[in-house]
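This is what each chain is made of:
Number of protein chains: 2
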Amino acid sequence: MSETLLSSRNLAFELYEVLDAEALTQRERFAEHSRETFDAAIGTARSIAENLFAPHCRKNDENEPQFVDGAAVLIPEVKPAVDAFLEAGFLNASRDFEAGGMQLPTLLSQACFCHFQSANAATTSYPFLTMGAANLIESFGNEEQKQRFLQPMIDGRFFGTMALTEPHAGSSLSDLRTRAEPAGDGTYRIKGNKIFISGGDHPLSENIVHMVLAKLPDAPPGVKGISLFIVPKFLVNDDGSLGKRNDVILAGLFHKMGWRGTTSTALNFGDNGECVGYLVGKPHAGLSYMFQMMNEARIGVGMGAVMLGYAGYLYSLEYARQRPQGRLPDGKDPTTAQVAIIEHADVRRMLLTQKAYVEGSFDLGLYAARLFDDTQTLATEEERKSALELLDLLTPIVKSWPSDYCLKANELAIQILGGHGYTREYPVEQYYRDNRLNPIHEGTYGIQSLDLLGRKVSMNGGAALKQLVKLVQDCCQRAEAHESLTALREPLEHLLSRLSTVTLSLLGDLMKGKVNDTLANSALYLKVFGHMVIGWRWLEQAIRAEEGLAKGDAQDHDFYTGKLQAARYFLTWEVPSMHHDLAILEAKDDTCLAMQDAWF
Amino acid sequence: MSETLLSSRNLAFELYEVLDAEALTQRERFAEHSRETFDAAIGTARSIAENLFAPHCRKNDENEPQFVDGAAVLIPEVKPAVDAFLEAGFLNASRDFEAGGMQLPTLLSQACFCHFQSANAATTSYPFLTMGAANLIESFGNEEQKQRFLQPMIDGRFFGTMALTEPHAGSSLSDLRTRAEPAGDGTYRIKGNKIFISGGDHPLSENIVHMVLAKLPDAPPGVKGISLFIVPKFLVNDDGSLGKRNDVILAGLFHKMGWRGTTSTALNFGDNGECVGYLVGKPHAGLSYMFQMMNEARIGVGMGAVMLGYAGYLYSLEYARQRPQGRLPDGKDPTTAQVAIIEHADVRRMLLTQKAYVEGSFDLGLYAARLFDDTQTLATEEERKSALELLDLLTPIVKSWPSDYCLKANELAIQILGGHGYTREYPVEQYYRDNRLNPIHEGTYGIQSLDLLGRKVSMNGGAALKQLVKLVQDCCQRAEAHESLTALREPLEHLLSRLSTVTLSLLGDLMKGKVNDTLANSALYLKVFGHMVIGWRWLEQAIRAEEGLAKGDAQDHDFYTGKLQAARYFLTWEVPSMHHDLAILEAKDDTCLAMQDAWF
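As they're listed, the protein sequences go chains A and B. Terminal number for the first sequence in the UniProt record's numbering: 600, no gaps in between. Terminal number for the second sequence in the UniProt record's numbering: 600, no gaps in between.
FYI, nobody ran anything at the bench for these hints, they're computed from the structure. You can take every hint at face value.
The list treats identical chains as interchangeable, and a pair is accepted whether it falls inside one copy or across any two copies.
With a straight-line cut-off of 25 Å between C-alpha atoms, the simulated SDA-like cross-links for lysine to any residue are:
(1) K470 to P576
(2) K244 to N207
(3) K146 to D96
(4) K408 to A598
(5) K224 to A340
(6) K512 to K588
(7) K59 to H255
(8) K588 to E574
(9) K332 to D392
(10) K224 to G186
(11) K224 to M290
(12) K470 to R384
Using the sequences provided together with the hints, build the complete structure.
Below, the structure written as structure tokens:
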């Protein structure tokens, strides 16, 4: 049977040949783990994803949540799937053994999780959001909050949300209007409206814990005046039982073009003045708490984009192998049999392009997950800090590059299926619709690009950028051992060198205060930077493929050769195409910035 | 009120400043027309499109046709809209006065038609398909067929379809299996199954005339054995009244990701052995007939892609002007008011990119329509033949480039609206879904690229290519009169020169019989060729804008300046990015071709 979620051979390649997951078992935190426990967890994830998540992916899309009597109603298949996910422990895959977790490295919890993302993006969102909310309380909540709200989340009885966006404040969080008034008893009364709150209502759990950004009466203006509150759907009594319904009203559901199985809600907090909230951590520090959790969330979003791309790639690959149509250009004799469309050069191009985008960003996503483990478990604080800097730098890429290019991969999957691909009788059009969300939520592409160029590349004197450049150079150096990789290595070296020059020049301009001009083309910068990073990850994979080939396992020959071909595609077809964008960046071209409203 | 279908200033610019529509009134066929009659027709089209087509565009999408008792049921708004279209004469806009038409130039009928395409792609499909079917009968049918089938189509009583695709034969028409047996009485009995037949059933007309490709018993194999048949839903008596139901069964409806208001049908012909068909023209010549009608149909499809892009561009432009969000990078003071998002450089980039793609391909589509007029009304046969050659060459670009880039425009429109753009509460996501069909139907992108490189550029000794090169060179020469255009002209000259060299090299390889290798990267070739063509059309627009500016009409200053800025964007940001693709083509790079099935 062909694999539909992801290639398990490719996952094993990533974990054990590229990212050396086994080395993590040398660290104290993961000492009880082994390749066997890793593979067992992956096997369980695959099985649940295939058997309980994938089968209702289309049904989720065709039967979006309904707003009935003030509540959201889902199709019945969602709860058993999520329950199985919980029972198997994936909600707490990375959490301590003592806290009921599996204490897996994030690399492995992500490797498990991506099976669910591929099988059913919408259903997977409910536990994903809960994990994010739980992590926030774990990191910044007090003991009572952990007892009252976190523990039931860990137990799978309460789910969670992230409630940031308001009707007039999406990307611009500094303009939030939701208010929190002290009630005199240590709690707060929340008042405001939030929109696009995913998982904001559903019947999957006893309670829903909203992590709400709001402003205290004495809040300074802007992002430094945002505080974080726990606002449960139902109040929780001291003994842990559910109390009365909190003043949080489901005002309505949004109807999306894709990702339809996940409720996207409008929530009114405090319409009756009785919405109880609990301050998390210190006043006015809410946004910094959110951002400290962002790396993990954004890896998750990026991985979600990858996995939708992956699902489409595998489906279109299988289709191309099965579907006879036409003949090669030099063999038009209509009395001969039609060939499978995978024989057509342009179909191969569309498959190879998908492979390059999907497997390149899959590698990057897992690399980032492993880096997250480094931030937690490397031996010294200095090493951990250094890992965190690199992860901070890479996060906008991990989130945004797959959101853009794996959406393109989905577009190609539809094209391979032709007219069939355009119908809802086949799954690829849904992947495309689902994936269109990813460049928007958790920080748009534009916001990520400002974060990268305006903040990340220069932070701490460019320390993270220097780290990255060294890693890429080191990779190129190792590639020199393989003469066959020269044609792949050189374009990367060339791009890295020019990108470094252009970056210095741009940072110089930023230092001179030319902020608007310099950041104007930041989206191009993100694209080029992303190509450099994915190019690096492909060269790394190519080195591992050469090493694998050298071992001479005949069974893996095709796999490694395919890796080398995809690396060749990305490094020789895609990477060099960035030089024109670099020229625009280098020239500080103001074509877009200078365009005026009245001229449109 | 802001315009939502297209910019009428831009349409006037195209018609009267770029394409000199008034000059057509010097030709005998159009002598009774004038700018006034042209503008009156456009005004009528705009009014009907705004008042009867646009209002049910979303409803069409949300209530796709239902299969009820063997027939397709549409929402009630479709018929009044189509009726108004018919009553205003747009079905026969280009047809002779004597035949009940308006005898408008195709340039003008297309300029009218595009309003409907922008307002409601799905509803517009019904008359569009009818026009194509009617043109086929008009060109190749006999007098009796014209009397019996064409006249009621002209009268708006019968509608039409194009029935080509079969379950196992989409792009590869040579593998059609539908059969036509002579019945002995001059008619034929048709047997076979067709899929993806748009407009294959609906309640909008008394009868539906299917133009069906099928094979006669003595058909030679392949495309040279395909014949064209008229197969009506209801037989037509000698007196023109409807006879009994023909043996054409609606087997089912396809459910598409977009363009949902148009029925996409599976039709069974002759399940009961009683499907009557009428041979059009000569046996085995059916595909050539189809292809002779292709230019007009493909201009229509390309224009459809443009107009979905146009609608999304205008909507996102208006949204960007209204939506306050955030502040400029150098003015983060949260106590100041938020700016409209059109002030953000990256939003301007996304708007300017849309403008460049949409208005560039809008110009090309109208240019092609005018060229079609030249093929019909230029003075000498030689001139007409020459115009037809150029149109043949440009057709794959006219069809495919907008299908690709105006889809990207729609993607950007969603991005500008952010989370709102992803919901079905706003129209841009529907445009994106609707437009995804265009790179697939009427010949996929890949098929068009093979047509361009494998056939069109070399036909008649490259005569059409030489014509095109001369036109572009001439445009560049005229641009030299404007020093301000130097930076725009040079990238086009550079691209044209290199594309010419690469083309010669590729054609040389084709001559040597290296067919598979040379055509392997044809999709890249189409992209580069398309950029050259659109770059040319932008330079042409830039020249006209400079001329307009020189006239000094203050009211138009912003309009012309915007044209120049969009031209600058396309010619300096987009055109030079093609050189890497040219390098791949020049190197006859076999990365994709060499990829093997087993390596994926």
